[in-house]
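Visitor: Listed below, chain by chain, are the residues.
2 protein chains.
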Amino acid sequence: MQFAAGGGDGVDFFQVVPVEAARTQFLASLGGRLTGVEEVPLLQALGRVTAGPISALFDLPGFDRSTVDGFAVRARDTFGAQESLPAYLRLAGEVQMGRAPDIVLKAGEAARIATGGMLPAGADAVLMLEHSEVLAPDELGALRSVAPGENVIRRDEDAQAGGPLLPGGRLVRSHDLGLLAAAGVTRLAVRRRPRVAVLSSGDEVVPPEQQPAMGQTRDANSYALAGATVEAGGEPILLGILPDRYDDVAAALRSAVSTADLVVVSGGSSVGTRDLTAKAIAGLGQPGILVHGLAVKPGKPTILALAGQTPVVGLPGHPVSALVIFQLLVRPVIRTLQGLHPDAPAGPILTAELGRNLASAAGRLDVVRVTVRTEAGRLVAEPLLGKSGLLSTLVQADGWVEVPEAREGLRAGEMVQVHLFLR
Amino acid sequence: MQFAAGGGDGVDFFQVVPVEAARTQFLASLGGRLTGVEEVPLLQALGRVTAGPISALFDLPGFDRSTVDGFAVRARDTFGAQESLPAYLRLAGEVQMGRAPDIVLKAGEAARIATGGMLPAGADAVLMLEHSEVLAPDELGALRSVAPGENVIRRDEDAQAGGPLLPGGRLVRSHDLGLLAAAGVTRLAVRRRPRVAVLSSGDEVVPPEQQPAMGQTRDANSYALAGATVEAGGEPILLGILPDRYDDVAAALRSAVSTADLVVVSGGSSVGTRDLTAKAIAGLGQPGILVHGLAVKPGKPTILALAGQTPVVGLPGHPVSALVIFQLLVRPVIRTLQGLHPDAPAGPILTAELGRNLASAAGRLDVVRVTVRTEAGRLVAEPLLGKSGLLSTLVQADGWVEVPEAREGLRAGEMVQVHLFLR
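Chains as they are written, first to last, in the numbering used here: chain A, 1 to 423; chain B, 1 to 423.
No lab work stands behind these hints, which were simulated from the structure alone.
Careful: at least some of the hints might be erroneous.
Note that identical chains are pooled: a pair holds if it fits in a single copy or bridges any two copies.
Mimicking EDC-like on lysine to aspartate or glutamate, the simulated pairs with C-alpha atoms at most 20 Å apart in a straight line are [to be verified]:
(1) K279 - D156
(2) K300 - E130
(3) K297 - E209
(4) K387 - E157
(5) K106 - D59
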């Protein structure tokens with residue numbers, strides 16, 4: 001632990017950079033690189049990202065299929081039919097489920113068909129059961145007319161052979177699994193989950209399973225950041241706690257950079273640890289540190305760097321600050337490395353009335369934890385103004401509100417967007 | 001495959017039940033039952049639900065800790081200090097990180113301390129580095145006064161020994177992992193993920209890896225429903241495809257009920273398969289079928305039942321209908337069985353302008369797939385009016401809009417809530 005020559009948080013001599021500009025620069029520095037491709041069985045593709053477009057090998061459903069229970073007909077045989085003047089049709093047979101019917105409908109004929117059944121040759125529409133009356137074992141009346149194609153899914157209406165099923169860069173959801181299964185796609189190519197090396201630093205930090213001596217602190221950041229990595233779609237690699245010794249920090253970071261897609265080191269809370277971390281990150285090689293110091297609260301002493309092709313993020317030591325910066329700057333990298341758009345809400349967003357004035361500084365983005373309550377039928381977002389060293393206030397929060405750079409604060413009663421935590 | 005005696009969708013002779021009433025009845029029928037408890041390592045608790053409240057064993061952080069870099073002081077020694085009239089303090093030493101300091105501050109003394117450092121005995125506040133000037137190796141000037149407790153986290157400010165860390169029934173998020181790690185909780189008791197048996201039925205259905213003959217259809221529902229189960233926090237058990245034979249369906253359902261926490265069978269698309277499924281569900285024993293037929297589009301021919309203590313849901317065969325009913329009625333059960341509130345948005349909700357008129361029937365809930373586009377700076381939700389047998393329209397959708405029971409439709413230009421799919 002040593003003291004920096006300069007001011008209190010070690011970044012006074014750096015010009016702080018607006019979050020949006022820093023993010024744009026950091027994401028651009030990735031140069032469009034993506035993680036590699038791996039093939040996984042269908043069910044394991046859930047929540048993964050398609051490596052490229054997936055095309056249908058066959059028409060879907062592959063045959064003209066009834067969407068109702070009723071009678072396959074030639075539509076023109078029903079034209080003009082109504083309750084008072086049914087069109088009479090001869091029953092030529094019944095379509096069996098799961099088989100190509102051997103019936104060929106001739107003029108004036110119909111065939112029983114169930115939902116999902118294959119239309120027999122000659123039929124071009126289905127008359128619903130409730131619009132028919134059976135007059136004799138082999139005769140029925142159509143009580144209304146049907147148009148060609150009515151109550152039918154065409155053989156290629158869900159997908160055409162060679163046509164698109166899913167685009168590349170698509171986060172696969174449950175309904176996508178359904179379409180892929182229907183199309184016979186049982187394995188698919190997805191992007192490897194970005195491997196995120198997670199390190200903590202500081203002589204005072206001990207692992208959670210260890211009873212800390214007086215003055216020591218258990219490592220909260222590694223676990224919070226590993227969890228946030230999983231939530232963002234990455235694969236965390238916990239590399240433990242670094243002591244405040246340059247050689248150890250430098251060696252650990254070099255090793256992390258060579259194996260991970262992204263390195264996240266929370267810099268210890270003291271300026272000495274932070275300076276040491278910054279020096280070790282700078283020592284990883286070109287292009288080096290891109291941004292040191294962000295116009296954001298909490299999270300000002302953040303470092304964004306690129307070691308060769310590997311992004312490295314030096315996060316503040318305070319757990320709340322580290323998690324805020326993770327959401328603003330690390331999650332977008334994890335998404336970008338898989339080919340997803342960097343920005344997408346991680347959970348519900350709710351519009352509520354701000355419960356009290358929030359002071360901020362112009363040019364600085366403030367991220368404020370809030371609870372949400374109902375008051376006389378209105379939703380009210382109440383700021384939780386705890387210190388950023390207190391995890392309990394984040395745990396108590398229902399979500400967060402941002403005070404944009406352009407504002408010097410928000411007034412009680414203003415409508416704000418609350419980013420809710422999933423629950 | 002047989003035809004029912006009655007109308008087209010097999011539920012005409014049942015009175016359709018409003019979705020909200022059906023859901024309330026179905027959830028109440030669970031009688032507050034929860035899945036069992038299992039202990040998992042900290043990282044694996046992410047996304048799981050706490051089985052009970054978790055208390056702190058120790059105070060957190062466990063010692064009075066500095067939140068800034070500066071000087072530990074006795075606050076009263078700084079009272080009245082200002083730039084033009086500093087308070088002079090004698091430097092008694094430096095607090096080492098990760099150790100209990102052996103310094104005891106006497107009147108007029110200060111000790112160097114870094115963020116995260118433990119306050120020495122006698123100190124009750126920290127003066128920030130930037131509010132001090134070092135005058136001599138062992139003398140400094142305080143350029144402003146600090147209040148008792150300023151820049152300090154009290155020894156029990158994040159948690160008190162014996163006090164609450166997390167409540168029971170809490171979905172564990174990344175920040176919760178941080179607090180638990182800080183408190184030394186490395187294993188915790190969570191609810192077992194509900195096991196959801198997933199079955200498809202219908203003679204026409206074949207597994208996705210099989211090339212369907214003409215008239216056959218690959219099983220999309222099993223995979224879509226398994227994915228939706230994972231998204232909802234459950235553990236899917238794929239039990240395959242049931243033929244249209246009562247004995248086989250009844251035996252498979254009996255076996256599923258005895259091993260799973262919840263059974264979901266998509267009933268085939270034809271009325272014959274549906275009738276057979278309904279009969280087999282009814283045959284599982286008391287209390288039996290609670291609801292048969294819902295006032296919803298799509299998804300009317302839904303069955304809600306309880307076989308002994310196991311909820312059983314008969315879903316429509318059309319994949320879009322099956323997934324809509326899953327979100328409305330199955331996801332709430334999976335959540336309830338873990339002790340979560342049944343309702344919580346699964347993703348972002350966005351307010352947009354409806355792009356065209358939507359017709360509906362009074363008394364019926366309509367769930368309509370939409371895409372969202374930007375038009376002259378406004379968000380517009382455009383209904384995708386595809387057949388519920390078409391998965392491609394669900395895959396193309398950005399989310400869905402509900403037309404409530406009380407409305408006979410929505411007008412173009414109305415503001416609607418779009419439930420977005422995560423992406």
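Visitor: Work down the list of hints and note, for each, if the structure agrees.
Guide: We went through each hint and held it up to the structure:
1. With identical chains, the CA atoms of K279 and D156 are never at most 20 Å apart, being 61 Å at best within one copy and 34 Å at best between copies.
2. In this assembly of identical chains, K300 and E130 lie within 20 Å of each other by CA distance solely across copies; the values are 16 Å between and 69 Å within a copy.
3. Taking the closest pair of Cα atoms, K297 and E209 never come within 20 Å of each other, the shortest separation being 31 Å inside a single copy and 53 Å across copies.
4. Proximity of K387 and E157 under a CA criterion of 20 Å is satisfied inter-copy only: 10 Å between copies versus 57 Å inside one chain copy.
5. For a Cα distance limit of 20 Å, the shortest separation of K106 from D59 qualifies neither inside one copy, at 27 Å, nor across copies, at 86 Å.
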